[in-house]
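J.: Just so you know, the protein sequences line up as chains Y and C, in that order. Every letter in the first sequence is one number past the one before it in my numbering, and letter 335, counting from 1, is 335. Every letter in the second sequence is one number past the one before it in my numbering, and letter 126, counting from 1, is 126.
Hints may contain errors.
[To be verified] Pairs of lysine-lysine residues, derived as BS3-like cross-links and limited to a Cα-Cα distance of at most 27 Å, are as follows:
1. LYS321(Y) - LYS116(C)
2. LYS226(Y) - LYS292(C)
3. LYS321(Y) - LYS12(Y)
[Stated by the list, open to error] Restraint ranges, calculated between C-beta atoms of paired labels, are given here:
4. LYS183(C) - PRO164(Y): 32 to 38 Å
5. THR120(C) - GLY21(Y): 42 to 48 Å
6. THR5(C) - ASP229(Y): 48 to 54 Å
7. ALA270(C) - ASP311(Y): 33 to 39 Å
8. THR166(C) - TYR316(Y): 54 to 60 Å
For the record, the hints were derived by calculation from the structure and aren't laboratory data. Every residue, glycine too, gets a C-beta built ideally from N, C-alpha and C.
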Amino acid sequence: MTKKKSDYIGPKVLNTLLPVGLAFLIGGIIILCIGENPLEAYRIMLGKSLFTAKGFLNTLHYASPLLLTGLAIAITFKANLFNMGVEGQLLVGGFFAGIAGASLDLTSPVMQKVVCMLVGIGCGVLFALIPALLRAFFHVDEMVVTLMLNYAMIKVLEYLSSGPFREAGSGYVCTPVIHESAMFQRLGIGNSRLTMFFFLAFAILLIMTFIFKKTKLGMEITAIGKNPDFAEATGMRVRRKIIILMCISGALAGLAGAGHMMSEKFKYTLGFSGTTGLGWDGMLIALLGRHNPIGVLLAAIFYSALKTGADNINMYTSVPKEIVGVLQGLIILFLAVQFLDERFGLRERFARRMSRKEEA
Amino acid sequence: MGFITGILYDSVYHAIPILLCVLGGIFAYKANVLNIALEGMMLAGAFVSVLVSFKTENVMLGYIAAVVTCLAIGLIFAFFGVSCKGNVIVIGLAVNMSIVAIAGFVLQLMNSANIKLGFTNAADFKIHIPIIKNIPILGGIISGHTIITYITFVSIVLVWILMYRTKFGIYVRVVGENEDSAKSLGLNTNKYRYLAILLGSFFCALAGINLALERMTIFTNSMTAGRGFIAIAAIYCGRGDPLSCTFYALIFGLARALSVNLSLYAGAAAAVFDVIPYVVMSIVLTVVSVIKYRNSRVRGM
């Protein structure tokens with residue numbers, strides 16, 4: 001068994017592209033049904049956000065939080081944990097980073113940003129710690145708890161933003177705008193919205209890649225994902241690893257929220273994380289990127305292009321932008337199934353079939 | 001006294017959609033297919049029932065369309081999860097997300113934030129049972145619910161019988177507990193998984209109809225608000241036994257009724273009371289888990 005992972009990359013790529021293609025096909029049929037031209041719609045959706053310089057840079061900008069949430073889910077999937085609370089952790093991180101950004105006024109802008117991000121990370125970790133401790137010490141299924149706590153957190157933040165922390169002068173529910181020193185300034189490359197946050201997210205992606213590929217922690221987490229009983233029997237502290245992993249996941253989600261707040265939103269509104277929710281998008285990105293850092297990067301950019309393109313589609317055609325949500329659901333549905341067996345490469349498969357034919 | 005009767009009436013009222021989801025979910029749970037898609041199927045039931053009633057002005061058609069749609073979704077779920085052997089959790093979440101998106105898509109096409117039925121209202125669906133409604137306290141609690149509420153309580157018994165007293169129930173449990181021995185008995189394991197999932201989608205359709213059409217004659221997107229997940233928590237707590245799962249679903253109903261009734265007195269902080277059901281369910285889940293593993297000496301997971 002000396003095969004390398006990279007040997008059989010063909011079926012892996014196909015297994016990723018086929019679901020996307022199928023989803024677009026079904027999406028196209030839906031668009032056709034409401035009397036629009038699907039090709040035209042897809043061209044508007046992806047053309048501008050991927051193939052123009054400004055559009056692409058904006059796509060990168062919106063991909064930044066998605067990179068982090070995708071990573072947050074990918075690392076827990078790796079250990080066979082289901083942290084479905086990324087959405088809630090992102091919201092709580094973003095909310096309190098926003099409160100910190102508006103109420104603190106430190107002299108150094110760098111310090112101000114660092115403190116805000118730390119607040120976001122801290123909140124994300126604390127919120128992720130609840131299901132982590134329950135899972136590790138009481139065997140409570142983390143998936144069910146995180147799914148339910150999401151709703152609880154949304155309600156709490158709804159109360160906080162419409163009650164105690166509401167901006168008095170505004171006509172709708174929102175928190176005060178954060179100070180300028182806490183905002184990531186636009187870098188101004190090609191007149192786009194791109195900020196430092198994208199590079200920060202990218203750096204974290206590299207760091208996490210290193211941790212998971214090269215350190216003991218990464219190896220142990222992979223082992224736990226493959227067989228927890230075996231990992232426990234060889235002396236790994238599974239319980240502690242679960243807690244650490246959930247905390248890392250929460251931290252990434254919290255940072256994603258804080259960054260989204262500081263680079264894009266600047267205040268907490270009820271629609272802070274958009275229509276499908278950045279945390280849920282992370283789930284698609286983790287699956288599409290096959291829990292692999294480069295995959296996550298590509299998937300985040302692709303999905304971000306889809307999302308920014310959705311605003312264009314609303315402008316130029318009568319297709320509702322919810323079509324992106326439909327596509328997202330369909331892609332995840334198809335991604336859940338392996339279309340091709342990944343144990344064999346395409347060439348090997350072809351060769352085997354040929355040899356079988358010859359035998360016959 | 002009126003206050004307590006009110007809370008108990010509301011407990012039944014709020015427990016019903018959960019209870020239906022629980023009844024639907026336990027067969028899939030016993031067949032070892034965790035059906036996260038309960039939430040999405042319930043939303044689909046709610047959406048289709050109101051949409052079809054709205055378009056045709058015929059409530060009966062709404063009922064039928066909702067059931068048919070949910071069965072179709074169940075079939076898709078089963079096809080991907082059982083026949084294609086996909087990851088059922090991922091498939092379930094995909095179903096949940098797709099339904100929300102499709103409902104949003106259609107609402108956007110209709111250019112409105114919700115669908116409201118004009119030709120009927122919620123009071124039309126309430127059934128006042130002739131004799132029972134005159135009994136002082138009991139009447140206030142039991143009478144005046146919708147038809148599906150009464151179907152639900154009958155279903156609890158039916159599901160119990162189906163689970164423990166019929167061949168079907170026994171086979172479903174065998175398939176879940178030990179697939180190999182089920183196969184060696186010559187059972188078509190996939191068939192029983194399909195049936196378990198479809199039974200679940202049928203009950204979810206009823207839950208959705210109850211939630212949207214019967215109770216409010218209105219549909220707003222994401223109105224299920226995690227009830228499907230709470231149902232899954234209840235199933236976990238009761239470990240798939242119809243009677244104990246019913247008990248946990250009723251606890252949720254009580255928590256919800258308390259939160260609604262108490263928030264009337266809370267003024268500005270009323271929104272915080274919405275958190276109670278989710279927190280209560282998390283605590284119940286923990287307590288049940290602690291009791292279950294109290295005597296276990298195994299370290300780790």
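J.: Quick check: which numbered hints come out false for this structure?
T.: 3, 4
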